[in-house]
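S.K.: Please model the entire structure based on the sequences and the hints provided.
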Amino acid sequence: MANVMTARNLRLYYGKHEALHGIDLDFPKQKITALIGPSGSGKSTFLRCMNRMNDLVAGVTITGSLKLDNKDIYSPKTDVVDLRKRVGMVFQQPNPFPFSVFDNVAFGLRLAGIKDRALIQERVETSLKQAAVWDEVKDKLNENALAFSGGQQQRICIARVLAVQPEIILMDEPTSALDPVSAGKIEDLLLSIQDKFTIAIVTHNMQQASRISDQTAFFLDGKLVEVGSTKQLFMAPQKEETSDYLNGKFG
Amino acid sequence: MRGIFEDELKRLHGKFTEMGINVSEAIYRASKSFIDHDKALAQQVIEHDEEINEEEIKLEDEALMLIALQQPVAADFRQIIIVLKASSDLERIGDHAVGIARESIELKGEQRVPEIEDDIGEMTNNVRSMLEEVLDAYVKEDEVGAKQIAIANQQIDKAYANVREKTIEMMKQDSKVITGSASYLMVASYLERIGDHISNIAEWVVYNKTGHLAELTPDHHPEEN
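Residue numbers (our numbering), protein chains in the order written: chain Y, 339 to 589; chain C, -16 to 208.
If you're looking for bench data, these hints aren't it; they were derived computationally from the structure.
We treat Cβ as the ideally placed atom computed from N, Cα and C, and that holds for glycine.
Heads up, some of the hints might be wrong.
Straight-line distance between alpha carbons at most 25 angstroms, and here's what the computed DSS-like set of lysine-lysine pairs gives [claimed, not checked]: (1) C:K41 x Y:K569; (2) Y:K467 x Y:K423; (3) C:K149 x C:K15; (4) Y:K467 x Y:K478; (5) C:K91 x C:K(-2); (6) Y:K534 x Y:K423; (7) Y:K423 x Y:K405; (8) Y:K534 x Y:K367; (9) C:K68 x Y:K569; (10) Y:K569 x C:K(-2); (11) C:K(-7) x Y:K569; (12) Y:K453 x Y:K369.
Here are some chain Y residues pointing at chain C (derived, C-beta under 8 angstroms) [what the hints assert, rightly or not]: (13) Q545; (14) R549; (15) T568; (16) F572; (17) M573.
Taking CB as the label site, the calculated pair distances span [stated by the list, open to error]: (18) C:D44 x Y:Y351: 41 to 47 angstroms; (19) C:E(-11) x Y:G488: 25 to 31 angstroms; (20) Y:Q570 x C:G(-3): 22 to 28 angstroms; (21) Y:Q576 x C:N145: 52 to 58 angstroms; (22) Y:D417 x C:E(-11): 43 to 49 angstroms.
M.R.: The following block contains the structure:
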């Protein structure tokens, strides 16, 4: 299986302090990769490298390589707006724009210069369906997205990401601010779209990682301790630290 | 999420039932090979046991994966546990069928006692219908049916005690039947143990339904009676 994104010896420094110590990690196409580890282990920092969200943090330097379809995203030639269209992101707190559901989901398309109304209409509908929120919003597309529940807002945000048809979707604890039922809906939707998208998800919820991911990467103190198939990692991890973390002995 | 777990569970139960049918067939063929002195059939039972063992390993592997990745609790948890426990009972039943088949191969035209062979044939039929009933109770989660099976097992214990008594009596009277009778004792005791494993499966059916671990037939070993 081809890899959509590949990190090699990726190091990130805050000033002189090295926060990521040479990460090698592949993201196989149309697979869900879970990044787990205690707070401060570097998993979110790593995730943010994947669409250059750390660019604007003062004093950050990055070395090594991070390739999207074999092209280094940190190359000076990379257009960051284009990169973020190809590498979408969903955050912990739902962050819809303060305008209508329709305009939220159409936002990325319009930004990308698409003017064909019929196409936009169709993409909005498809994306909302893929995000498993269509039935709940179809009669309220012109209502302000902020008027919906947290779980619905998060699915609208996911639809917004799906609309631009990214190659990889980054999710930073997308369900930790939601109740279990809403979280379950998002897990279901991730499983249902995984044949079309590649997903990297940071989660503190071990059950979530084990239920939905194909591959799991365990981070600790800025290092990638272990990566493997989720089945193997959860049933017989190679490293003692992984086993201890999964069993709640630390973190 | 529920969907995936339920589908996997359904598949697992289906495989368990399939394994049960294979095991029932193995008992039938093993016993037939013994009564008919059919060594080729006995050999088939022994070879086929590999498949039963593999079926059990696959079931265990999938059940363990569901436990580790889906982390079920309460009723879902019990469902997985019973697959694990009951499939190892089925596997043991398969081993006892092999034991019977091995006795068939050991037989060397010894003097036969038709009356005891009839008893063994009847025990086989009873054990097989118990197995079919327990598989049915398993699928239907039928606690009442499962309890009936444990009662039926007491009949198997009695039948075993009866065969044992008769065989020993024969051996006392006629030393020519001793070698063959040793096989009768072995085969009857395999069938008796098969009954115990079926009874165990019945206990898992009850556990699945109620959450209580129950010994349905305490102290039923005929040796202790």
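S.K.: Give a verdict on every hint.
M.R.: Hints, verified against the model:
1. C:K41 x Y:K569: The hint holds at about 15 angstroms.
2. Y:K467 x Y:K423: holds, 20 angstroms
3. C:K149 x C:K15: This hinted pair holds, its Cα atoms lying about 21 angstroms apart.
4. Y:K467 x Y:K478: holds, 14 angstroms
5. C:K91 x C:K(-2): Violated. K91 (chain C) to K(-2) (chain C) sits at ~38 angstroms, over the 25 angstroms cutoff.
6. Y:K534 x Y:K423: Holds - the C-alpha atoms of K423 (chain Y) and K534 (chain Y) are around 16 angstroms apart, at most 25 angstroms.
7. Y:K423 x Y:K405: holds, 15 angstroms
8. Y:K534 x Y:K367: Roughly 9 angstroms separates the two Cα atoms, so the pair holds.
9. C:K68 x Y:K569: holds, 22 angstroms
10. Y:K569 x C:K(-2): holds, 21 angstroms
11. C:K(-7) x Y:K569: Holds: K(-7) (chain C) and K569 (chain Y) sit about 20 angstroms apart, inside 25 angstroms.
12. Y:K453 x Y:K369: Not satisfied, since the Cα-Cα distance of roughly 32 angstroms exceeds 25 angstroms.
13. Q545: holds, 5 angstroms
14. R549: This hint holds: R549 (chain Y) lies near chain C, its Cβ roughly 6 angstroms from the closest one there, short of 8 angstroms.
15. T568: holds, 7 angstroms
16. F572: Since chain C brings a Cβ to about 5 angstroms from F572 (chain Y), closer than 8 angstroms, the hint holds.
17. M573: holds, 5 angstroms
18. C:D44 x Y:Y351: 41 to 47 angstroms: Distance hint for D44 (chain C), Y351 (chain Y) holds at roughly 44 angstroms.
19. C:E(-11) x Y:G488: 25 to 31 angstroms: holds, 27 angstroms
20. Y:Q570 x C:G(-3): 22 to 28 angstroms: About 26 angstroms separates the Cβ atoms of Q570 (chain Y) and G(-3) (chain C), which means 22 to 28 angstroms holds.
21. Y:Q576 x C:N145: 52 to 58 angstroms: holds, 57 angstroms
22. Y:D417 x C:E(-11): 43 to 49 angstroms: holds, 46 angstroms
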